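Let the hints inform the model, and build the full structure from the sequences given.
There are 2 protein chains.
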Amino acid sequence: MSFKLHHHCSETSARTGTLSTAHGDIPTPIFMPVGTQGMVKTLSPDELVDIVDAKIILGNTYHLYLRPGLEVIRKMGGLHKFSTWDKPILTDSGGFQVWSLAKLRKISEQGVEFSNHIDGAKTMLTPELSMEIQATIGSDIAMLFDECPPYPCEQKYAADSLSLTTRWAQRCKDWHEQNAAKHIPWQLNTQHSKLKTDHRQLIFGIVQGSTYAELREQSARELVDIGFDGYAVGGISVGEPEHEMMRAIENAVPFLPKDKPRYAMGLGTPPQMLEMIARGVDMFDCVMPTRVARHGTAFTEQGPIHIKNKEFEFDPRPLDQNTHPYLQKYSRAFIRHLFRAGEMLSLRLLSLHNLHFYLRLMRQSREAIENGTFTTFKNNFNQHYIQQP
Amino acid sequence: MSFKLHHHCSETSARTGTLSTAHGDIPTPIFMPVGTQGMVKTLSPDELVDIVDAKIILGNTYHLYLRPGLEVIRKMGGLHKFSTWDKPILTDSGGFQVWSLAKLRKISEQGVEFSNHIDGAKTMLTPELSMEIQATIGSDIAMLFDECPPYPCEQKYAADSLSLTTRWAQRCKDWHEQNAAKHIPWQLNTQHSKLKTDHRQLIFGIVQGSTYAELREQSARELVDIGFDGYAVGGISVGEPEHEMMRAIENAVPFLPKDKPRYAMGLGTPPQMLEMIARGVDMFDCVMPTRVARHGTAFTEQGPIHIKNKEFEFDPRPLDQNTHPYLQKYSRAFIRHLFRAGEMLSLRLLSLHNLHFYLRLMRQSREAIENGTFTTFKNNFNQHYIQQP
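Top line first, the protein sequences correspond to chains U and R.
In terms of our numbering, the first sequence opens at residue 1 and continues consecutively.
In terms of our numbering, the second sequence opens at residue 1001 and continues consecutively.
In short, the hints are calculated from the structure, not lab data.
If you're wondering where the values come from, they're calculated on a predicted model, not measured in any experiment.
C-beta: ideal position from N, C-alpha, C; glycine also.
Incorrect hints may appear among the rest.
[As the list claims (entries may be wrong)] Using 20 Å as the maximum straight-line C-alpha spacing, the simulated PhoX-like pairs for lysine-lysine come out as follows:
| hint | chain 1 | residue 1 | chain 2 | residue 2 |
| --- | --- | --- | --- | --- |
| 1 | U | 106 | U | 87 |
| 2 | R | 1122 | R | 1106 |
| 3 | R | 1004 | R | 1308 |
| 4 | R | 1329 | U | 87 |
| 5 | U | 75 | R | 1329 |
| 6 | R | 1075 | U | 310 |
| 7 | R | 1310 | U | 308 |
| 8 | U | 4 | U | 258 |
| 9 | R | 1103 | R | 1122 |
| 10 | U | 75 | U | 182 |
| 11 | U | 75 | R | 1310 |
| 12 | U | 106 | U | 122 |
| 13 | U | 329 | R | 1087 |
| 14 | U | 103 | U | 122 |
| 15 | U | 156 | U | 106 |
| 16 | U | 4 | U | 87 |
| 17 | U | 329 | R | 1329 |
| 18 | R | 1182 | R | 1075 |
| 19 | R | 1087 | R | 1004 |
| 20 | R | 1329 | R | 1308 |
| 21 | R | 1106 | R | 1156 |
| 22 | R | 1075 | U | 75 |
[As the list claims (entries may be wrong)] Which chain U residues stay away from chain R? Per the calculated CB distances, all over 10 Å, these:
| hint | residue |
| --- | --- |
| 23 | 8 |
| 24 | 13 |
| 25 | 39 |
| 26 | 87 |
| 27 | 152 |
| 28 | 267 |
| 29 | 381 |
Have a look at this one:
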């Protein structure tokens, strides 16, 4: 068994656990920094370990397939070796990027044909190819290839899309069982001697169904019937209001096995993550902490601050009093100056700080759940944290 | 005495020494990475110490005066404290940037009026103001405010410009003697307790005179009469051919005191620096290693390589076999991928590598001079190093 539950919160569905993968154990709840093109933007693998305390990062199948491409990743021994990141990696399936980035999408039973966003070339992604790419990347956790319906979405479209995702789910599972081991670098390559090679690549299902409770239930039940190592809730954080985001989780979780990890894809703000943890979610990923960093936003326990603001011109304090010791010496005034001068160091410092903030929030959540104080912790956090537009 | 000579090369004018400053001792010959806006582009102060082994960095008076401005630097306790860089800093005087960046320059006896390159506002820089800015920054070494003639330059213009620079040199020296200590943060501020506060800010002269031997001699003699802690050769690396660059050094060095450091401003390539060391130069600064890094060029012992090139697509080797251990794990293939994908990490890795290459070249030069093998070392280096266009 790859997921071991440790603790349940008595007042909520919050829980802690450990997810075992080929490249190491991941304590849950956990946040996964996003390494779109093989590494988290502006940061080095060492910084992700030493400062952020990242336990797992996410790689984007769509991006890595287009560039550097499968041949490079295969010849360089998979993404771990290529990027020098030797902790766990989860890859998404490319489905979301095809939906959000590619042009001239044509969805068929076979897969999705599209013009890619780099050179416009026609590309076809199928459930089988997505699984092959993820196996070649050698991620510890692969995601099934799904269709992500837009928001808002007619019930008929959502139902048809869900059925297609279920059929694709079965094809992903079949391909994975029969072929994955032939492509996974750490199962082929004896250079990875330190690895627990008895761990295969895990594969997670993705619950779709848009805003419709009965479709979410149907999707969850169909995926559980096929059988996956974990279950994501997809099709959220696509522009819907926050209460719909929470409802999507609430509508899926009751139909997912308790002893498998649950992953809310592509979100969220710190308060949103705490609400989702309370609803039984174990894993998160989001570009937000690093993307807003590159626009000058730093998370603090009093809410986000915008480092460009005049009020920080002479501010000698660090971004947040509880930021990582490595970042304590940099004043808001200096980071503001670097940011205004267009210096990349400011983007790094803000990215490091925000991810450190996110990973610390996960550690604090785990501690609070273990101590039976999660609801108090969450309420206390929310009371101090002022959301800003 | 702030400069102690250790060794002379018997075959050339190459020498080693130690320059003592308020923030530490600098072994020479030395290369100074350029921190235009308060820090070396893409890098952190820690990386400059731990990986590059930088002993001193350069700050740009012109840039720092425009942004963040004197009030911020003063209130934040000077540039060392503001930027968290606690090793030596040399500041240029702003003269070169006024010449190369600003528009609508109007040079008078008083100083230079110009429209700055950020918002076009009219700004006046005088010898006294330049010295005040450099004192407020709290650099360990200040440069006099000079006029930098273009290349090519009529002899009459070069002679008049040189005379103006000499008169400005006297004004700089006078202001520095009477006023600097009132502005220098580490002489005002008791928080810098670890500092050798018996060290005052050093001030270097700048020899001008364009391509005219007699003007270089005149400039050197006049500056030595005024008396400085070190002497730079300015007005080079402004578009002239390489032999003119060497001649400018050869025309100035014989008239400079042997027991003061000599600094060739704004250059150069690795072979150029070795040639200048052979001619008695002790200090260098240049944006080139970091600027070309941001365009994908890495220095190697076989000459520069362009990481974008197809030949590196599957290259598992590090940028250079002798790069810093921290950088050894990153393959050319991975850095190429990051660079093509527009990822800032590639610019950092290339910048770190190039500066490490430059500082290693300085260490190797010092060792060779001490061992009496500098000429062999230089010839050997040049033999392997293939210049590329």
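Consistency of the hints with the structure:
1. U:106 to U:87: 36 Å, violated
2. R:1122 to R:1106: 11 Å, holds
3. R:1004 to R:1308: 44 Å, violated
4. R:1329 to U:87: Given that 20 Å is the threshold and the Cα spacing comes to 15 Å, the pair holds.
5. U:75 to R:1329: 16 Å, holds
6. R:1075 to U:310: The given pair, whose Cα atoms are some 15 Å apart, holds under the 20 Å limit.
7. R:1310 to U:308: 40 Å, violated
8. U:4 to U:258: Holds - the C-alpha atoms of residue 258 of chain U and residue 4 of chain U are around 10 Å apart, at most 20 Å.
9. R:1103 to R:1122: 9 Å, holds
10. U:75 to U:182: With a Cα-Cα distance of about 14 Å, the restraint between residue 75 of chain U and residue 182 of chain U holds, given a limit of 20 Å.
11. U:75 to R:1310: 15 Å, holds
12. U:106 to U:122: Distance ~11 Å between residue 106 of chain U and residue 122 of chain U Cα, so the pair holds.
13. U:329 to R:1087: Satisfied, since the Cα-Cα distance of roughly 15 Å is no more than 20 Å.
14. U:103 to U:122: 9 Å, holds
15. U:156 to U:106: 18 Å, holds
16. U:4 to U:87: At roughly 19 Å apart (the allowed maximum being 20 Å), residue 87 of chain U and residue 4 of chain U satisfy the hint.
17. U:329 to R:1329: 29 Å, violated
18. R:1182 to R:1075: The given pair, whose Cα atoms are some 14 Å apart, holds under the 20 Å limit.
19. R:1087 to R:1004: 19 Å, holds
20. R:1329 to R:1308: It holds: about 19 Å lies between the C-alpha atoms, which stays within 20 Å.
21. R:1106 to R:1156: Judged against 20 Å, a Cα distance of about 18 Å means the pair holds.
22. R:1075 to U:75: At roughly 54 Å apart (the allowed maximum being 20 Å), residue 75 of chain U and residue 1075 of chain R break the hint.
23. 8: 40 Å, holds
24. 13: Given that every Cβ of chain R is farther than 10 Å from that of residue 13 of chain U, nearest at about 38 Å, it holds.
25. 39: 6 Å, violated
26. 87: 14 Å, holds
27. 152: 34 Å, holds
28. 267: At about 24 Å from chain R, residue 267 of chain U clears the 10 Å cut-off, so the statement holds.
29. 381: 30 Å, holds
Checked against the numbered hints given earlier, the structure breaks hints 1, 3, 7, 17, 22, 25 and satisfies all the rest.
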